[in-house]
Amino acid sequence: MFAILRAAIDPRTLEIAVASDECGAIVTFIGMVRAFADDGRRVTELAYEAYEPMAIAQFQTIAAQAQERFGRVRIAIAHRVGMLAIGEIAVAVAVAAAHRATAFEACAFAIDQLKARAAIWKREQYVDGAGEWIANTCGSGDGVDAG
Amino acid sequence: MLRVVLRSFAQIRELVGRDAVEVELPVRSTIADAWGELLVRAPKLGGLTTSTRVARNGVLAAFDDELAEGDEVAFLPPFGGG
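Quick note, the sequences are listed as chains A and B, same order.
Under the numbering used here, the first sequence has 116 at position 116, and the numbering climbs by one with no breaks.
In the numbering used here, each number is its position in the second sequence, counted from 1, plus 1000.
Note that these hints are calculated values from the structure, not bench results.
Just so you know, not all the hints are guaranteed correct.
[To be verified] With a Cα cut of at most 20 Å, we get these calculated SDA-like pairs of lysine to any residue:
hint, chain 1, residue 1, chain 2, residue 2
1, B, Lys1044, B, Phe1063
2, B, Lys1044, B, Asp1033
3, B, Lys1044, B, Pro1077
4, B, Lys1044, B, Leu1060
5, B, Lys1044, B, Gly1082
6, B, Lys1044, A, Ile134
7, B, Lys1044, A, Arg123
8, B, Lys1044, B, Gly1058
9, B, Lys1044, B, Arg1013
10, B, Lys1044, A, Glu132
11, B, Lys1044, B, Arg1007
12, B, Lys1044, B, Arg1018
13, B, Lys1044, B, Pro1078
14, B, Lys1044, B, Met1001
15, B, Lys1044, A, Arg12
16, B, Lys1044, B, Pro1026
17, B, Lys1044, A, Ala135
18, B, Lys1044, A, Trp133
If you're wondering where the values come from, they're calculated on a predicted model, not measured in any experiment.
Hey, can you work out the whole structure from these sequences and the hints?
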């Protein structure tokens, strides 16, 4: 399951999508909307937008690369777009593998890659009415090309 | 002439004023020429040129890539997903 969603993300849906008889572990990363920016400013909401066909193709590529690196893993990725309130889920990545160590590693790899390379943008809206597009400070940390 | 669709996102879309613009360009025009079309409409985009990446038909491309009839070119500011 690779999706850009306008409605709320249900992580359980992703977990069900990746579950299989061969997998003894599922690790799910959930990215939530925080009430504070990195510089401490109070955030009221976030706006996300995506270049949807490109983002979904990138999710598929990330999953294929995870399989090359980690072997048998099953991956689902969903990212929300539109206006999100504090506490809502912006992104979920579920990874199923035979054992937990592989599932943890592959899940970290997938979210790092998503942040570095997926065609998705985030605008923070602040309590004083100002707003700003926020770029990820990439660095997946493993030398994989962000392209 | 070539007809191409220019897609823009986030801060680029805000400066252009819309998310898709159809333009006609001479044959053998490049993605840089298409970006030039947007610069005419929104000169403030000039400050974003160095941080902008481009995609042609959904695949990352280079500013000096040539365009073909019906291409969709996307101008991508630094990513912020997750």
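The hints, checked one at a time:
1. B:Lys1044 <-> B:Phe1063: holds, 18 Å
2. B:Lys1044 <-> B:Asp1033: holds, 16 Å
3. B:Lys1044 <-> B:Pro1077: This hinted pair holds, its Cα atoms lying about 14 Å apart.
4. B:Lys1044 <-> B:Leu1060: Roughly 23 Å between the alpha carbons, so the hint for lysine 1044 (chain B) and leucine 1060 (chain B) is violated.
5. B:Lys1044 <-> B:Gly1082: At roughly 28 Å apart (the allowed maximum being 20 Å), glycine 1082 (chain B) and lysine 1044 (chain B) break the hint.
6. B:Lys1044 <-> A:Ile134: At roughly 18 Å apart (the allowed maximum being 20 Å), isoleucine 134 (chain A) and lysine 1044 (chain B) satisfy the hint.
7. B:Lys1044 <-> A:Arg123: holds, 19 Å
8. B:Lys1044 <-> B:Gly1058: The given pair, whose Cα atoms are some 25 Å apart, is violated under the 20 Å limit.
9. B:Lys1044 <-> B:Arg1013: holds, 12 Å
10. B:Lys1044 <-> A:Glu132: Given that 20 Å is the threshold and the Cα spacing comes to 16 Å, the pair holds.
11. B:Lys1044 <-> B:Arg1007: Roughly 17 Å between the alpha carbons, so the hint for lysine 1044 (chain B) and arginine 1007 (chain B) holds.
12. B:Lys1044 <-> B:Arg1018: Holds, at roughly 15 Å.
13. B:Lys1044 <-> B:Pro1078: OK: lysine 1044 (chain B) and proline 1078 (chain B) at ~17 Å, within 20 Å.
14. B:Lys1044 <-> B:Met1001: Roughly 27 Å between the alpha carbons, so the hint for lysine 1044 (chain B) and methionine 1001 (chain B) is violated.
15. B:Lys1044 <-> A:Arg12: The given pair, whose Cα atoms are some 44 Å apart, is violated under the 20 Å limit.
16. B:Lys1044 <-> B:Pro1026: Violated: lysine 1044 (chain B) and proline 1026 (chain B) sit about 24 Å apart, past 20 Å.
17. B:Lys1044 <-> A:Ala135: Given that 20 Å is the threshold and the Cα spacing comes to 19 Å, the pair holds.
18. B:Lys1044 <-> A:Trp133: holds, 16 Å
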